[in-house]
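Engineer: Based on these hints, arrange chain B on the given structure of chain A.
There are 2 protein chains.
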Amino acid sequence: MSKSINELKLKEACVQAAREVIAERGVEAWSMRDVARKLEISHQAPYRHFPNRDHLLAEIVKRCFIDFAAFLDEKSKVEPQDELRAMGQAYMTYASTKPLEYRLMFGTPWPDPAVHPEVIKYAVHAFDLLRQHLIQVHGTSPEHKKKAELEAMFIWSSLHGMATIEQSNVMNHLVLSNGVQDEARAFSMKMIGLALSSHCEN
Amino acid sequence: MSKSINELKLKEACVQAAREVIAERGVEAWSMRDVARKLEISHQAPYRHFPNRDHLLAEIVKRCFIDFAAFLDEKSKVEPQDELRAMGQAYMTYASTKPLEYRLMFGTPWPDPAVHPEVIKYAVHAFDLLRQHLIQVHGTSPEHKKKAELEAMFIWSSLHGMATIEQSNVMNHLVLSNGVQDEARAFSMKMIGLALSSHCEN
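Residue numbers (my numbering), protein chains in the order written: chain A, 250 to 451; chain B, 250 to 451.
Pulled out of the complex, with its shape left as it was, chain A reads as follows (with noise of 0.2 angstroms):
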């Protein structure tokens, strides 16, 4: 009992550790034995839980996913006209203050679907806080639902687009403006809305 409990703490500490080791050495330069070092453990102890390095990242990226689903939801719920942009400002507000996990979810290649279909799962169900909505406004018939769903990749890329340009800090470099680089974030979120309210017109 006891050794199940601490190979169950054991685990925890492998993703702890994981998450601290890809913090300073970037996402694609780690391995399992920087886990193993960082916990002060044989080099094969991690290989209980994970059997291999994807593995363990899959874990990350799963619960990042996981995390930032619960985050959207959590801030967006207001009145219904109001939770598009809720959930954008919410998308926004998850990419700048962890950079890290956005990273891993959307800026570097997953872990194999086929072999960690969860990974896929979470990402999915995130996207669907999205679609759902969506189609929530526009209705549920197929011509409706493609709608909802084009609508939904256009505002996730552009939400997207900007985050990873705010992480980038290539904005320095532009020599833009005073007051661009601050507004540019509620700039384009106001574009995105005004596409959307003249596409509906349409």
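Errors might be hidden in some of the hints.
Note: identical chains are not told apart, hence a pair may lie in one copy or across any two.
[Said to hold, decoys possible] Straight-line alpha carbon distances no greater than 30 angstroms define the calculated DSS-like cross-link-like pairs of lysine-lysine that follow:
#1 324 x 370
#2 439 x 394
#3 287 x 258
It should be emphasised that the hints constitute simulated quantities derived from the structure, not laboratory data.
Computed from a predicted model, the values in this text were never measured in an experiment.
Structural biologist: What follows is chain B alone, placed relative to chain A:
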């Protein structure tokens, strides 16, 4: 004389070999040693032209930006009212036909800008194709310039988001309705256009 021609050839050969090595091993996992090995030259030889890996990478990224800007400029030489759309289409075409170059420019940390100012210079030049077009449309007053730059950031970030999502293949996993994946790019570009028209009217 012959020696200096050979040295020039060696520099070019290093750049070419590094691009191949990056294509094979990924953007973050290559070394100067790999380049030397591919060229079957001594491990020290590439250092005659590039003090370290970052300098060689900077040369490659700089060339990507030059190539990219030339491509955008060439493809968008159409009627002024269609120029923005043509530039957007050229951007997306470049991203999907040259994914490695695109990743080197926009998907990986740049070499230290303080050490490699040329990379920044050519990156800003590429952004200026868009910025200057919008300044021509709106006017050159500080207020108009700011508006142009905010629009440029919105356009660029939306295209960048779509380009990276297309490259990631994540759409394959979202169980989208028929046609959504194929139409997402054109739809997003239409939405960007709607946002810009709507913003102009305000």
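Engineer: Now tell me, hint by hint, if it's right for this structure.
Structural biologist: Consistency of the hints with the structure:
Proximity of residue 324 to residue 370 under the C-alpha cut-off of 30 angstroms is restricted to the intra-copy arrangement: shortest distance 21 angstroms within a copy versus 40 angstroms between copies. In the homo-oligomer, the alpha carbons of residue 439 and residue 394 lie at most 30 angstroms apart both inside one protomer (24 angstroms) and across protomers (18 angstroms), since each shortest distance falls under that limit. Proximity of residue 287 and residue 258 under a CA criterion of 30 angstroms is satisfied intra-copy only: 15 angstroms inside one chain copy versus 46 angstroms between copies.
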